[in-house]
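Chemist: So the chains spell out like this:
Protein chains: 2
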Amino acid sequence: MLTDDNPLPDGIPEELRRQLEFVIEVDQMKSVIRQTSIATGERRENDAEHSWHLTLMALVFASRAKEPVDLVRVLSMLVVHDLVEIYAGDTPLHIVDDQQEARERDAADQLFPLLPGAQGQQLREAWEEFEAHETPEARFARSLDRMQPLLLEWMNRGVHWLEQGRTSSAARERLKVIDDGSPDLWTAALALIEEAESRGYLLDE
Amino acid sequence: MLTDDNPLPDGIPEELRRQLEFVIEVDQMKSVIRQTSIATGERRENDAEHSWHLTLMALVFASRAKEPVDLVRVLSMLVVHDLVEIYAGDTPLHIVDDQQEARERDAADQLFPLLPGAQGQQLREAWEEFEAHETPEARFARSLDRMQPLLLEWMNRGVHWLEQGRTSSAARERLKVIDDGSPDLWTAALALIEEAESRGYLLDE
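Going down the list, the sequences are from chains A and B. The first sequence: position 26 = 25 (numbering that gives the first Met the number 0), numbered continuously. The second sequence: position 110 = 109 (numbering that gives the first Met the number 0), numbered continuously.
Keep in mind the hints are simulated off the structure, nothing from the lab. Take these hints with a grain of salt, some might be off.
Label pairs and their calculated CB-CB ranges [to be verified]:
(1) A:Ser168 <-> B:Ala101: 45 to 55 Å
(2) A:Pro67 <-> B:Arg156: 41 to 51 Å
(3) B:Asp4 <-> A:Arg42: 20 to 30 Å
(4) A:Ile32 <-> B:Pro91: 24 to 34 Å
(5) B:Glu127 <-> A:Ala117: 47 to 57 Å
Cβ coordinates follow ideal geometry from the N, Cα and C atoms, glycine included.
Could you put together the complete structure from these sequences and hints?
Modeler: Printed below as a string of structure tokens:
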């Protein structure tokens, strides 16, 4: 995003300069548009807004994680989990293809080395931890990542669900991993899905 | 933002319901428009995007804090620091008036009690800690909060500075608190301000 005719000024030490350039590069998160609309329905949300919303949810729901979690790791994962979409684009859950993993790995190879060595590796590991969902922190983070669009879709009365012809049983199937990170949130998700079906925000079978 | 004809469904326990309602309420952060434009210059950024960008900066610059910081406190403060603007609006630094503090306190009185007791108080305390800038964490968080718009304004070649007739010495004065939280970032800020003046992004005296 920095251009040759407007580079950061000389006199900033190399390592600091690379960090600042990274911070500017990832500003592009604000232009990666997601499938879900903001609660007012006025427009779709972007990855930066979504990521912030998840960190706020982590603070609110931390004590509802299935297992005790290290909050700084949860927050770090949520802050970086969508960065690769700057280069790989947002791939909605319902159209994930078999190239997506490779696309996102290529994006990570391009993005994280912009940072000075060890730090780039550290942020990459947070992203990989999130993707692998093998730790309590990653599973909790994933629960938030699935719960948030459900809440927004509720606020939007299922507008995108209906566009996609989504059924309530498909929604339950897709969202059941919420239970792995937070049984409490899964209880709420089930109540929302059931009521969404009876209100016609989701199709019944 | 929840309306009487589309409330959260029954069957969600009271405390969890209040947390979910809070999460939906603060979605309005995505519609609080700031003075600064995103790096591409296409549009102004909003508070949700700004807050996310600061948490990313906290991860990148943590080791550059003036004093050792507890990262989870820094991140928590950054996530909540602008929530009161949902009700109080964004008050740009150059037009802060003497009612602003009262307006933001009223907003906090309205917002944080939406959460169940102790939790609302906890998030309020994070906001108050940020506002008081008396702890190393709060001073570092404030440094990030001042550094981020400087980077964006650099990317926008001073468009809003010039609109406001900002001089380089006024910019230095306004931003010097960056030094209290991160001398390294202050070094970079000074280089940016100096170069901004010579490029005509800031007025000289």
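Chemist: Does each hint hold? Answer for all of them.
Modeler: To see whether the hints hold, each was checked on the structure:
no.	hint	verdict
1	A:Ser168 <-> B:Ala101: 45 to 55 Å	holds (52 Å)
2	A:Pro67 <-> B:Arg156: 41 to 51 Å	holds (48 Å)
3	B:Asp4 <-> A:Arg42: 20 to 30 Å	holds (22 Å)
4	A:Ile32 <-> B:Pro91: 24 to 34 Å	holds (27 Å)
5	B:Glu127 <-> A:Ala117: 47 to 57 Å	violated (35 Å)
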